[in-house]
Amino acid sequence: MGSTSAENPENPENPEHTGTTVNKESAGVGRRDLIKRSVALGLISVPTMSFLSACATGGGGGDDDASKAPGGPKSATNPLGVEKGAALEAFIFKGGLGDQYAKDAEADYKAKYGAQVKHTGTQQVGPKLTPRFAGGNPPDVIDNSGADHLDMNKLSTQGQLQDLQALLDAPSMDDADKKISDVIHPSTIEKGKHGDTFDVLYYAFTIYGTWYSQKALDDNGWQYPKTLDEMVTLCGEIKKKGIAPWTYAGKYPYYVHFNLFAQIAKIGGMDGWIAIDNLEPKAWTSNDAVKQVVEHYEELAAKKYFLEGSQGLTHIQSQTAWNKGKAIFIPNGSWVENEAAPTTPKDFAMSVGALFDGSGGDGMPHGTLRAEPSEPYIVASKGKNPAGGMEMLRIMLSKKHAQNFAKLVKSLTCVVDATEGMTLSPGLASASTAFKEAGDNIISLQLQEWYPSLTDEKIGGLTGQLLTGEMKAADWIKKTQEYADAVAKDDSVKKFKREK
Amino acid sequence: MQHGKYRFIVGFLALPVIVYAIFVISPFVQAFQISLTDWSGLVGTAKFVGFENFERLWNNEDFWNALRHNVYLLIAVPIVTLALGLFFAFMLNVGGKRRKNEVITGVAGSKFYRFVFFFPQVISITIIAVIWFNIYNPDPNDGMLNSLLGAVGLDSLQNAWLGEKSLALLCIMAVMIWSHVGFYVVLFSAAMASIPRDIYEAALLDGAGRFHTFFRITLPLLWDTVQTGWVYMGIIALDGFALVQIMSVNMGGPDGATDVMPLRLYLTAFRDSQFGYASAMGIAMLIVTMTFAVLTMRFARRERIEF
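Protein chains in written order, with my numbering: chain R, 1 to 500; chain S, 1 to 307.
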């Protein structure tokens, strides 16, 4: 496996080459020539093929027994048994949160173990790392986030992810009496499991909801609405002022799902949503909350409460329009404060509101919030230094780095109460308050995580039309159910189940 | 003299042929091989599944939808691009007013135009896509196209462009054409320069105008070049990945209105981690592209005029 791994990175690029590059190049040669030549080369390509096919099936392989407990001698200050001087490679998603916070943690690792740390900041985690996993030489610690992230379910089922139980059992950097599992939020542990194995550490906490400028509301004497009906009424008043009530990132319609899906779970209750996550038959069509929420959006669209042209805006463009006061509300996640910082006016008073109540008899109480563990960190079980990868995460889970994260990127981490006593930025403070007020009424959704092609491409396409008024709520529900059923029937898509 | 000829040829060809075989032919062959497996792309093991991937592909509505858009591009983009390229090249080289001592001339400032037309060709396709994406920004103040329309009082034409289901593919087509016309202006200009001037002179003496000069002389004598351009443009139209991936709403949207085969392939491979299935798509694309190239070469063949 080791000896053939060097050639492996070529293989996964095959489809892309066939699709684009090669076609262009061979245009100069002429297709007929190419056919003739490829026939003539048959003799040569046969031996080459067997040589290359050895690579395609060469890397990876069975489960590594060592993945349960890697590393060398352990001690109180080095509970994971990191070897001194063992180099570490970190691959960090460099998106809305940047990668400075990870670099700071790497610096501490470097100082403690006198080892080289190779850092890569990228938005292309998936395309860059797919060949390396296939080749058996992945980096040690990876922030697998962003639109082009790796499929962690596949990685997990194929034994590529380090079991992080050792990390959970290790003492916290701040208090040797506390284990890591005691200082991080329970939902982080819940979400990071594949089956019974905890192999993904969601470092951050993302608060989803309706984001707005408290100042804009105060200036006009408006109140953040409590129910869907109040929202419609308020939208009417906002529109009278010549301002658009809502905008959204039409280029990425799944931004709308942040609110839409969560709102369904809030009104219909978690049991109804779990049926949706589990792709159960009629999960969408039989749930009254779906009808209520989707019809709400249909009404917003029919009354033209969305900023004109929103369907063609990127997330950045929609946030900029919102910062400029062209629209009041935007569905978003708590990274928005950091991402929109360059265009946010100083007195904007960015805030996030909880989910709205429906027409009574809601499944979950007022103040319910969707908060998801986010920024999934994984450690490669077949990397060179899995113990070092886990140690890097332990460093990041210290109070020092959790606060550094909050300061640098204005976002919460999974470390409970790490920001206590800090002065928080307006958006983070608002998110923090909403999170506290929600208490146990926290919604966590899996559908997008598990079936991104269903939510982003299929349902996203429908939502795009729903918000431009081209599609009626009834059609949206009907087609969404059809798409979900199609995924449920598709054997090539791995299925997941959740109980709670 | 024949002695050692083959050894000589083999000596020269061996290395390039081996390089070509490893880096061009073997990926093709391996794509075939992988397309018969369920390889995820993430680990080194894969299961042989026979033609199952191709069966799925045949029943995949999304892929047919993407293929249909590629066919639209294939019909519209080469025709418009080549027609514009020919027109501009003709105007720059032949279409000008008659001047003293010169049989044929281009329009005034033709050297400058030729330079400007070539601009898009030197910009990377990614940058072109990003620039045009911002031009199409639907915001009436920030979007270049919309604010321009607003400034001249054509507010009614303001649009969401890429967010509009009926317009999105046309918007992308326009960019594709815009970015390639310049190359064909230069290519056709070079070809026109090799047409002997006396032919034009004779035509002019017989009283031929611009119209007749173009259709009776320039176009027939350029046919070989046009044909090459056609194949080349066709292959570009069957791709379209970069523009669609960067510009389109929701990756090939709205609601699949701009989806193309390579994007489908990319998403299948890198988002869904189904490299085997994606390879099958690659094979399907190869077949479509080859069919197109062979048909074009067959039916566009004409008698060559020696001069």
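No wet-lab data here; the hints were simulated from the structure.
None of the values given here were measured: they were computed from a predicted structure.
Hints may be right or wrong, so weigh each one.
[What the hints assert, rightly or not] In silico EDC-like pairs for lysine to aspartate or glutamate, Cα to Cα no more than 16 Å straight-line:
no., chain 1, residue 1, chain 2, residue 2
1, S, Lys165, R, Glu470
2, R, Lys399, R, Asp108
3, R, Lys326, S, Glu61
4, R, Lys94, R, Asp177
5, R, Lys495, S, Asp272
6, S, Lys47, R, Asp347
7, R, Lys494, S, Asp62
8, R, Lys495, R, Asp485
9, R, Lys479, S, Asp38
10, R, Lys500, R, Glu280
11, R, Lys326, R, Asp219
12, R, Lys489, R, Glu280
13, R, Lys494, S, Glu61
14, R, Lys304, R, Glu237
15, R, Lys103, R, Glu83
16, R, Lys303, R, Glu230
17, R, Lys324, R, Asp288
18, R, Lys407, R, Asp169
19, R, Lys436, R, Glu449
20, R, Lys497, R, Asp196
21, R, Lys154, S, Asp142
22, R, Lys399, R, Asp182
23, R, Lys154, S, Asp272
24, R, Lys324, S, Asp142
25, R, Lys399, R, Asp177
26, R, Lys479, R, Asp177
27, R, Lys326, R, Asp271
28, R, Lys494, R, Glu280
29, R, Lys500, R, Asp271
30, R, Lys479, S, Asp62
31, R, Lys500, R, Asp148
32, R, Lys500, R, Asp485
33, R, Lys497, R, Glu237
Hint-by-hint comparison with the structure:
Annotation: proposed proximity of S/Lys165 to R/Glu470 holds, straight-line Cα distance about 10 Å (limit 16 Å). Distance hint between R/Lys399 and R/Asp108 is fulfilled; the C-alpha atoms sit about 13 Å from each other, no more than 16 Å. Distance restraint check for R/Lys326 and S/Glu61: the Cα-Cα separation of roughly 39 Å exceeds the 16 Å cut-off, and the hinted pair is therefore not satisfied. Only pairs whose Cα atoms come within 16 Å are accepted, and R/Lys94 paired with R/Asp177 is rejected, the gap being roughly 34 Å.
Among the hinted pairs, R/Lys495 with S/Asp272 is consistent with the structure: their alpha-carbon atoms are about 13 Å apart, no more than 16 Å. This hinted pair does not check out: S/Lys47 and R/Asp347 have alpha carbons roughly 59 Å apart, beyond 16 Å. Simply put, R/Lys494 and S/Asp62 have alpha-carbon atoms about 20 Å apart, too far for the 16 Å limit, and the pair is violated. Restraint check: the Cα-Cα separation between R/Lys495 and R/Asp485 comes to about 12 Å, which is no more than 16 Å; the hinted pair holds.
Between R/Lys479 and S/Asp38, the direct Cα distance comes to roughly 29 Å. Violation of the 16 Å bound is thereby established for this hinted pair. For the hint linking R/Lys500 to R/Glu280, the alpha-carbon distance of about 15 Å falls within 16 Å, and the restraint holds. The straight-line distance between the Cα atoms of R/Lys326 and R/Asp219 is roughly 15 Å, inside the 16 Å bound, and the hint therefore holds. Pair hint R/Lys489 plus R/Glu280 holds up; C-alpha atoms about 11 Å apart against a cutoff of 16 Å.
At most 16 Å may separate the alpha-carbon atoms for a hinted pair to count; R/Lys494 and S/Glu61 exceed this at roughly 21 Å. For the hint pairing R/Lys304 with R/Glu237, the CA-to-CA distance comes to about 13 Å; that is within 16 Å, so the pair holds. Distance check on the hinted pair: R/Lys103 and R/Glu83 sit about 20 Å apart at the alpha-carbon level, beyond 16 Å; violated. Pair hint R/Lys303 plus R/Glu230 holds up; C-alpha atoms about 15 Å apart against a cutoff of 16 Å.
The straight-line distance between the Cα atoms of R/Lys324 and R/Asp288 is roughly 37 Å, outside the 16 Å bound, and the hint therefore fails. A hinted pair counts as satisfied when its Cα atoms are at most 16 Å apart, and R/Lys407 with R/Asp169 does not qualify at roughly 28 Å. Straight-line distance between C-alpha atoms of R/Lys436 and R/Glu449 comes to about 25 Å, which puts the hinted pair past the 16 Å bound. Taken as a hint, the R/Lys497 and R/Asp196 pair is honoured in the structure, with Cα atoms around 12 Å apart against an allowance of 16 Å.
About 42 Å separates the Cα atoms of R/Lys154 and S/Asp142, which puts this hinted pair outside 16 Å; it is violated. Using a Cα cut-off of 16 Å, the hinted pair R/Lys399 and R/Asp182 holds, with the two alpha carbons roughly 13 Å apart. For a cut-off of 16 Å, the pair hint linking R/Lys154 to S/Asp272 stands: about 10 Å separates their Cα positions. Distance hint between R/Lys324 and S/Asp142 is fulfilled; the C-alpha atoms sit about 12 Å from each other, no more than 16 Å.
Annotation: proposed proximity of R/Lys399 to R/Asp177 holds, straight-line Cα distance about 15 Å (limit 16 Å). With a CA separation close to 53 Å, the supplied pair R/Lys479 and R/Asp177 exceeds the 16 Å bound. Distance hint between R/Lys326 and R/Asp271 is unfulfilled; the C-alpha atoms sit about 38 Å from each other, more than 16 Å. Our distance criterion of 16 Å between C-alpha atoms is met by R/Lys494 and R/Glu280, whose separation comes to about 15 Å.
This hinted pair checks out: R/Lys500 and R/Asp271 have alpha carbons roughly 8 Å apart, not beyond 16 Å. A threshold of 16 Å between alpha carbons decides the hint, and for R/Lys479 with S/Asp62 the separation of about 15 Å falls inside it, so the pair holds. For the hint pairing R/Lys500 with R/Asp148, the CA-to-CA distance comes to about 28 Å; that exceeds 16 Å, so the pair is violated. For the suggested pair R/Lys500 and R/Asp485, the alpha carbons sit about 21 Å apart, so the restraint of at most 16 Å is broken.
Between the alpha carbons of R/Lys497 and R/Glu237 the distance comes to roughly 44 Å, so the proposed pair goes past 16 Å and is violated.
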